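**Q** Residue-level listing of the chains:
2 protein chains.
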Amino acid sequence: MNRAEAVSYLLRDQPKDPKRDEGVYFAPANIALCKYWGKRNSELNLPYNSSLSISLQQYGAKTMIRPHADRFNRIRLNGQVVDNETSFAQKITAYLALFNMCSVTNYSVDTEINIPVGAGLASSACGFAALAGALGRLYDWELPKSTLSILGRLGSGSASRSFWHGFVEWQAGESADGMDSFGIPLTHLWPELRIGLLIFNTLAKPVSSREAMALTVATSPFYSLWPAKQNADLVRIKEAIATHNFNQLAETAEHNALTMHALMLTATPPILYSLPETLQGMKEVWHCRQRGVPVYFTQDAGPNLKLLFLAKDLPAVLASFPSLQVIAPFEGRDVA
Amino acid sequence: MNRAEAVSYLLRDQPKDPKRDEGVYFAPANIALCKYWGKRNSELNLPYNSSLSISLQQYGAKTMIRPHADRFNRIRLNGQVVDNETSFAQKITAYLALFNMCSVTNYSVDTEINIPVGAGLASSACGFAALAGALGRLYDWELPKSTLSILGRLGSGSASRSFWHGFVEWQAGESADGMDSFGIPLTHLWPELRIGLLIFNTLAKPVSSREAMALTVATSPFYSLWPAKQNADLVRIKEAIATHNFNQLAETAEHNALTMHALMLTATPPILYSLPETLQGMKEVWHCRQRGVPVYFTQDAGPNLKLLFLAKDLPAVLASFPSLQVIAPFEGRDVA
Numbered sequence: 177m178n179r180a181e182a183v184s185y186l187l188r189d190q191p192k193d194p195k196r197d198e199g200v201y202f203a204p205a206n207i208a209l210c211k212y213w214g215k216r217n218s219e220l221n222l223p224y225n226s227s228l229s230i231s232l233q234q235y236g237a238k239t240m241i242r243p244h245a246d247r248f249n250r251i252r253l254n255g256q257v258v259d260n261e262t263s264f265a266q267k268i269t270a271y272l273a274l275f276n277m278c279s280v281t282n283y284s285v286d287t288e289i290n291i292p293v294g295a296g297l298a299s300s301a302c303g304f305a306a307l308a309g310a311l312g313r314l315y316d317w318e319l320p321k322s323t324l325s326i327l328g329r330l331g332s333g334s335a336s337r338s339f340w341h342g343f344v345e346w347q348a349g350e351s352a353d354g355m356d357s358f359g360i361p362l363t364h365l366w367p368e369l370r371i372g373l374l375i376f377n378t379l380a381k382p383v384s385s386r387e388a389m390a391l392t393v394a395t396s397p398f399y400s401l402w403p404a405k406q407n408a409d410l411v412r413i414k415e416a417i418a419t420h421n422f423n424q425l426a427e428t429a430e431h432n433a434l435t436m437h438a439l440m441l442t443a444t445p446p447i448l449y450s451l452p453e454t455l456q457g458m459k460e461v462w463h464c465r466q467r468g469v470p471v472y473f474t475q476d477a478g479p480n481l482k483l484l485f486l487a488k489d490l491p492a493v494l495a496s497f498p499s500l501q502v503i504a505p506f507e508g509r510d511v512a
Numbered sequence: 177m178n179r180a181e182a183v184s185y186l187l188r189d190q191p192k193d194p195k196r197d198e199g200v201y202f203a204p205a206n207i208a209l210c211k212y213w214g215k216r217n218s219e220l221n222l223p224y225n226s227s228l229s230i231s232l233q234q235y236g237a238k239t240m241i242r243p244h245a246d247r248f249n250r251i252r253l254n255g256q257v258v259d260n261e262t263s264f265a266q267k268i269t270a271y272l273a274l275f276n277m278c279s280v281t282n283y284s285v286d287t288e289i290n291i292p293v294g295a296g297l298a299s300s301a302c303g304f305a306a307l308a309g310a311l312g313r314l315y316d317w318e319l320p321k322s323t324l325s326i327l328g329r330l331g332s333g334s335a336s337r338s339f340w341h342g343f344v345e346w347q348a349g350e351s352a353d354g355m356d357s358f359g360i361p362l363t364h365l366w367p368e369l370r371i372g373l374l375i376f377n378t379l380a381k382p383v384s385s386r387e388a389m390a391l392t393v394a395t396s397p398f399y400s401l402w403p404a405k406q407n408a409d410l411v412r413i414k415e416a417i418a419t420h421n422f423n424q425l426a427e428t429a430e431h432n433a434l435t436m437h438a439l440m441l442t443a444t445p446p447i448l449y450s451l452p453e454t455l456q457g458m459k460e461v462w463h464c465r466q467r468g469v470p471v472y473f474t475q476d477a478g479p480n481l482k483l484l485f486l487a488k489d490l491p492a493v494l495a496s497f498p499s500l501q502v503i504a505p506f507e508g509r510d511v512a
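Chains as they are written, first to last, in the working numbering: chain F, 177 to 512; chain A, 177 to 512.
There may be inaccurate statements among the hints.
Pairs involving identical chains hold if they fit within one copy or between any two copies, as the list cannot separate such chains.
[Claimed, not checked] Pairs of lysine-lysine, DSS-like flavour, derived with a Cα cap of 25 angstroms:
id: 1; residue 1: LYS192; residue 2: LYS488
id: 2; residue 1: LYS381; residue 2: LYS195
id: 3; residue 1: LYS459; residue 2: LYS215
id: 4; residue 1: LYS405; residue 2: LYS488
id: 5; residue 1: LYS215; residue 2: LYS405
id: 6; residue 1: LYS238; residue 2: LYS267
id: 7; residue 1: LYS195; residue 2: LYS488
id: 8; residue 1: LYS381; residue 2: LYS459
id: 9; residue 1: LYS414; residue 2: LYS267
No lab work stands behind these hints: they were computed from the structure.
These numbers were taken from a predicted model, which means no experiment stands behind them.
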């Protein structure tokens, strides 16, 4: 099954024509505490392992999509038209082409993303989730969110987790067609939890996550042991969430991230997303812990760090990281 | 068998009293191209795997040892008396106590080391090799160098490789008493080979190699795959030396070092010897290669990098690393 066949199958009973002038959808960015790294099927973005994330509240992508009577899609990002030759536009165009089963052939897509794009801050996750969600609104699909999550996943694996706030597990699934590989929100709230964005560099990454994952799986001498490590960490993280054991949650998440980056270092050629500032930041986090402040980090396919801490420690954390952008993932939420 | 029993056994037929007023010995520092990381026996410093190094010519330790009629040893490093309470002095005292089978109970030890001590520049390797060698001269032991190598190993594992110039393999051995675990020099010369020391920090490391190894073996989820990786790299490196294939040698050595540091990142707690400057240096090395200059790095239990390149590329390498300390390991040598 390829992507287009998966889309056809999922939308087999849905309206084929737009039901509105436009569809609008917001999807939060998400930060994996237990990482997704390595695809068992790169066409369908099916992972070797389940992963688990926390969504970033108001940070994410808001997309408005409209039919567009022209030979080309018109894609705008944060108000600027994106050249159709860029890989950004081509990925969106290829994705929209999967939905070409109706009278509409091209679209106007306006996306506002309030985090840096392509810098390991989950912009493609929230971007594809918002796009799938906006299409759903435009066509008035009546689909469970798990199906939207699959549709998002076909654009970017981690988009499967960007359809909910709070903690979300992306269950890897076992079937070859990926119909059991989608996000599942956890019902646990944790109002005291804080995420801090420590941004060193907002330039697009030198190697895409897609390429980096493929290279890691193909060449790391250690990749064969990653799935077992992942499964163990996922159990520990879910247990920590259920019992509000912050140290267990954050320690496991930090180790999980370090292990993912260690794997990349052992690829041929090696992949190193960290900058000198990243290392300095890690060391500062460890110094904080030595001084008794329970703060941890996680890192994705980019140089920036995301800090994990509790509300009570905000002043101490800000003292060490004055420029930190702080997010309260559960603020004002009764349910995820 | 403990260390003292190993020493007694090795010196069973040797003179028990000094034959001279003093013994003097120089041992070069050595940089592993295929690393030693993890002990199958930490009392006897027996490794899980064979390793392979290149010696640093004139850089190393020169030790003069004399009987000392006092209650304590008197240890001097680069002309300065070292307090007997320091861990540096205590390691040497414990080592000398292994040789307490004669009329001499204490020693005066003068060591000159012309590389930074304790900063991952193999100072303990050359230090213990020079100490064992100097004892041999003082007592006039008639021992093959392989036995001296075992005696050095009992002080510091990698000292086993510091009894020769050029390339040296430390054969891991299989026996429980370590009598087959010693250095073996390779006869290959490679006059064009250059080593560059890129020194960022000469402070002693925050975690000793001994502790770091033990932590890695005990907690890294990937350590079980390290021996196979090591064996494969050793074969590739020996093949590269035999055929003077510089890229194969240096690429394998760089990957081997990155893999060792990746393993450490996955320990609990994580071990990170790199500084921000280390990362900057790695990236600069990779930029050089992208520009067509074949230069590679290796890194030991410290933040400094050791560059590998050929004599013809010295001007290009110096243009990128003006402060590089360059070593010609085979200069003026007919045999290792």
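**Q** Are the hints correct? Go through all of them and say.
**A** The hints, checked one at a time:
In this assembly of identical chains, LYS192 and LYS488 lie within 25 angstroms of each other by CA distance neither inside one copy nor across copies; the values are 51 angstroms within and 67 angstroms between. In this homomeric assembly, LYS381 and LYS195 never come within 25 angstroms of each other (Cα to Cα): the closest approach is 38 angstroms inside a single copy and 66 angstroms across copies. When the C-alpha separation of LYS459 and LYS215 is checked against a cutoff of 25 angstroms, the pair qualifies neither within a copy, at 31 angstroms, nor between copies, at 28 angstroms. Taking identical chains as interchangeable, the C-alpha atoms of LYS405 and LYS488 are never at most 25 angstroms apart, the minima being 31 angstroms within one chain and 45 angstroms between chains.
For a Cα distance limit of 25 angstroms, the shortest separation of LYS215 from LYS405 qualifies both inside one copy, at 16 angstroms, and across copies, at 23 angstroms. Taking CA atoms no more than 25 angstroms apart as the test, LYS238 paired with LYS267 passes inside one copy only; the shortest distance there is 17 angstroms, against 63 angstroms between copies. For the identical chains of this complex, LYS195 and LYS488 are neighbours neither inside a copy (48 angstroms) nor across copies (70 angstroms), given an alpha-carbon limit of 25 angstroms. Within a single copy, LYS381 and LYS459 get their C-alpha atoms as close as 22 angstroms, and across copies as close as 14 angstroms, so both meet the 25 angstroms cut-off.
Taking identical chains as interchangeable, the C-alpha atoms of LYS414 and LYS267 are never at most 25 angstroms apart, the minima being 33 angstroms within one chain and 46 angstroms between chains.
When the structure is compared with the earlier hints, violations turn up for hints 1, 2, 3, 4, 7 and 9 and for no others.
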